[in-house]
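Novice: Those sequence lines, one after another, are chains A and B. In terms of numbering that gives the first Met the number 0, the first sequence opens at residue 0 and continues consecutively. In terms of numbering that gives the first Met the number 0, the second sequence opens at residue 0 and continues consecutively.
In case anyone wonders, no lab produced these hints; they're calculated from the structure. Please note that the accuracy of each hint is not assured.
[Said to hold, decoys possible] Which residues of chain A face chain B? A partial, calculated answer using Cβ under 7 Å: (1) T45; (2) V46; (3) D47; (4) S50; (5) L109; (6) S152.
[To be verified] Just a sample of chain B residues kept apart from chain A, beta carbon distances all over 12 Å, derived: (7) T5; (8) E9; (9) P17; (10) L37; (11) A39; (12) A45; (13) R49; (14) A54; (15) H63; (16) D64; (17) P66; (18) L67; (19) S68; (20) R72; (21) L75; (22) L76.
Even for Gly, the Cβ is constructed at its ideal location relative to N, Cα and C.
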Amino acid sequence: MAWTTPPDFTAGAVVTEAQLDNLSANLTSGVERALADTVLASPAATVDFSSIPATFRGLRVEINARSDNLSTTVDVMMRFNNVTSATQYHTQGFYNWSSNIVFLEYAGSLSGIVLGAIPAASASQANQFGAYVTAIPDYLGTTGLKTAVTVGSMRYGGAGAGGQRVYLMGGTWDNTAAVNRLTLFPSAGNFATGSRFTLIGIPAI
Amino acid sequence: MAHKVTLDIENGTAARTPLDAQEEEVRAEHEAAYREHLAAEERRHALLARLRPDADLAAKVAAHDEPLSDNERDRLLRWLAASALGDTLEV
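This is chain A alone, in the form it adopts within the complex (with noise of 0.2 Å):
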């Protein structure tokens, strides 16, 4: 819902329902707010956003995430609405190694879109995570397909060493519906404890 502007309260003025209304509704879908947070406190293979209002014009998702798959790395996904059709999926995108560009595609082969990746069991040190923001404009919209675009980061080299990446990365889900759950999920094994996970809402104007 978009923002309603308070009135100019003068002195002894009575504040009448509908105007606390408007402050209420303002608070709940008329200004920037997370919807969603959690903190594993012990793995797990999913974290599933549900019953997502369709109160405002666009969601952000933040990630801060390990996995305890027996790796260096592993990539973090993202589904919609919980199809699990591959064929709905494709990414592309980027991420510096060392001095080099990696360009990463994935074309309906897997059944969400990639974010970047994560530490996980292998990575030199045991405290390193991966940091994830996804922007999802206009998930309410049933006109146009949906995508998401997302910036990241993290590192899995020794202390003192290199293994930092920067990712950009962009997905689409092949579907026009309004999108009301979303689904992280590793590429192999589970998030690990201490992994963050938050839903944002981005109000209209």
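Guided by the hints, dock chain B onto chain A, whose structure is given.
Specialist: Same frame as chain A, but now just chain B:
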């Protein structure tokens, strides 16, 4: 046993429950597809490494002052094609 965490925004609840049979199946299928993708990537990188121009050829291309032989031009074109087409290229 793998678990899922569900944050139901409308009801303001958070639940941790085991994956059901169908979710386990989706997870297994995804991991298999992902392993296949990684294997294809490895094949592509191996192909690129095999076709990558050696230092002499790279220096010759960079210098621009000497024509490439047919063999050198062939190697260069195959490497460029492999870079662009990935593991779909058969050589």
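Novice: The structure should be examined with respect to each hint, and the outcome stated for every one.
Specialist: Structure-based check of all given hints:
no.: 1; hint: T45; verdict: 4 Å, holds
no.: 2; hint: V46; verdict: 5 Å, holds
no.: 3; hint: D47; verdict: 4 Å, holds
no.: 4; hint: S50; verdict: 4 Å, holds
no.: 5; hint: L109; verdict: 6 Å, holds
no.: 6; hint: S152; verdict: 21 Å, violated
no.: 7; hint: T5; verdict: 4 Å, violated
no.: 8; hint: E9; verdict: 4 Å, violated
no.: 9; hint: P17; verdict: 9 Å, violated
no.: 10; hint: L37; verdict: 9 Å, violated
no.: 11; hint: A39; verdict: 9 Å, violated
no.: 12; hint: A45; verdict: 15 Å, holds
no.: 13; hint: R49; verdict: 18 Å, holds
no.: 14; hint: A54; verdict: 17 Å, holds
no.: 15; hint: H63; verdict: 23 Å, holds
no.: 16; hint: D64; verdict: 27 Å, holds
no.: 17; hint: P66; verdict: 30 Å, holds
no.: 18; hint: L67; verdict: 25 Å, holds
no.: 19; hint: S68; verdict: 29 Å, holds
no.: 20; hint: R72; verdict: 25 Å, holds
no.: 21; hint: L75; verdict: 20 Å, holds
no.: 22; hint: L76; verdict: 20 Å, holds
Of the numbered hints given earlier, the model fails hints 6, 7, 8, 9, 10, 11; all others are met.
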